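Since the structure of chain Y is provided, determine the placement of chain A on it from the hints.
Going down the list, the sequences are from chains Y and A. Throughout the first sequence, residue numbering follows this note's numbering, covering 1 to 113 in sequence. Throughout the second sequence, residue numbering follows this note's numbering, covering 114 to 256 in sequence.
Note that these hints are calculated values from the structure, not bench results. The structure displayed is predicted, hence computed values, not measured ones. A few of these clues could be false.
Here are the computed distance ranges between Cβ atoms for each label pair [said to hold, decoys possible]: (1) A/Gly195 - Y/His73: 52 to 60 Å; (2) A/Ser126 - Y/Gly11: 34 to 42 Å; (3) Y/Glu50 - A/Pro255: 26 to 34 Å.
Just so you know, even glycine gets a beta-carbon here, dropped at the ideal spot from N, CA and C.
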Amino acid sequence: MDLSLSTRPEGERTVVDVAGEIDVYTAPQLREQLVELVDSGRYDLVIDMERVEFLDSTGLGVLVGGLKRVRAHEGSLRLVCTQERILKIFRITGLTKVFPIHDSVADAVAATD
Amino acid sequence: MAEVELRIDPLTSHVRTARQVAVALARRAGVAPDVLDEVRLAVGEACGLAVALQRRDDDPEPVVLRFEDGDGLAVQVRGSTGLAVAQGEAAIQLLSAAAVADEDDDEALPAGAALAVLSELVPGLQVATGPAGPRFELRWPPG
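In isolation and in its complexed conformation, chain Y is listed as follows (with noise of 0.2 Å):
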């Protein structure tokens, strides 16, 4: 399966929908969404990833770089996964340290830590 992502606004926040496989192939259309958002000034992001089914370390790359980016406007990006396989990936480079995981997108939303 391709990458499909779709975008919602919940209140100030924005919720980015990302099923499929994000891999060294796929993750410029994310990065693509992710740099549309911040420029037209949504820089609190929610990403749900409970429909991904592939992530690999460009992926990675491509949320490092999204978190950067609104970081610059003093937003957020947090991610929304429950998925033993993907969060596996998050933990052997370390970045789980570096962005607040959420069991669902309603606990990502009303967070304010």
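Leaving out everything else, chain A in the frame of chain Y:
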């Protein structure tokens, strides 16, 4: 013992094909079902790194993956990017330092992330570099 060789042009879209072939062959070789995700990820990282290095240099040579099933699955991934001669940890450090991002891509993690994932997922990972290109050897036992 049976062999499959896959030669791909260095296109990022082919990396996914390589992953799918790897998982199909791992399954056939009797690798445990709960390890197949690791095969998918590790082969993708090795192949993606070889492809990314060649794309950086506009090197059109194919990346070659050789799969051998017998006692589990053995995978060799060979690129053509000429590098200093090194093996093991030294080769990993050399590749980690290689900036593989496209020029308009200011945010790709360094290759270190790919190698961190590979080292973690593949216990007997062997990495070598040289003038003929990088070579990764990955092996999974039967389940």
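Okay, the hints, checked on the actual structure:
At roughly 42 Å, the beta-carbon separation of A/Gly195 and Y/His73 lies outside the given 52 to 60 Å, and the hint is violated. Judged by the Cβ atoms, the range 34 to 42 Å given for A/Ser126 and Y/Gly11 holds: they are separated by roughly 37 Å. Against the hinted window of 26 to 34 Å, the Cβ-Cβ separation of Y/Glu50 and A/Pro255 comes to about 33 Å, which satisfies the hint.
Checked against the numbered hints above, the structure breaks only hint 1 and satisfies the rest.
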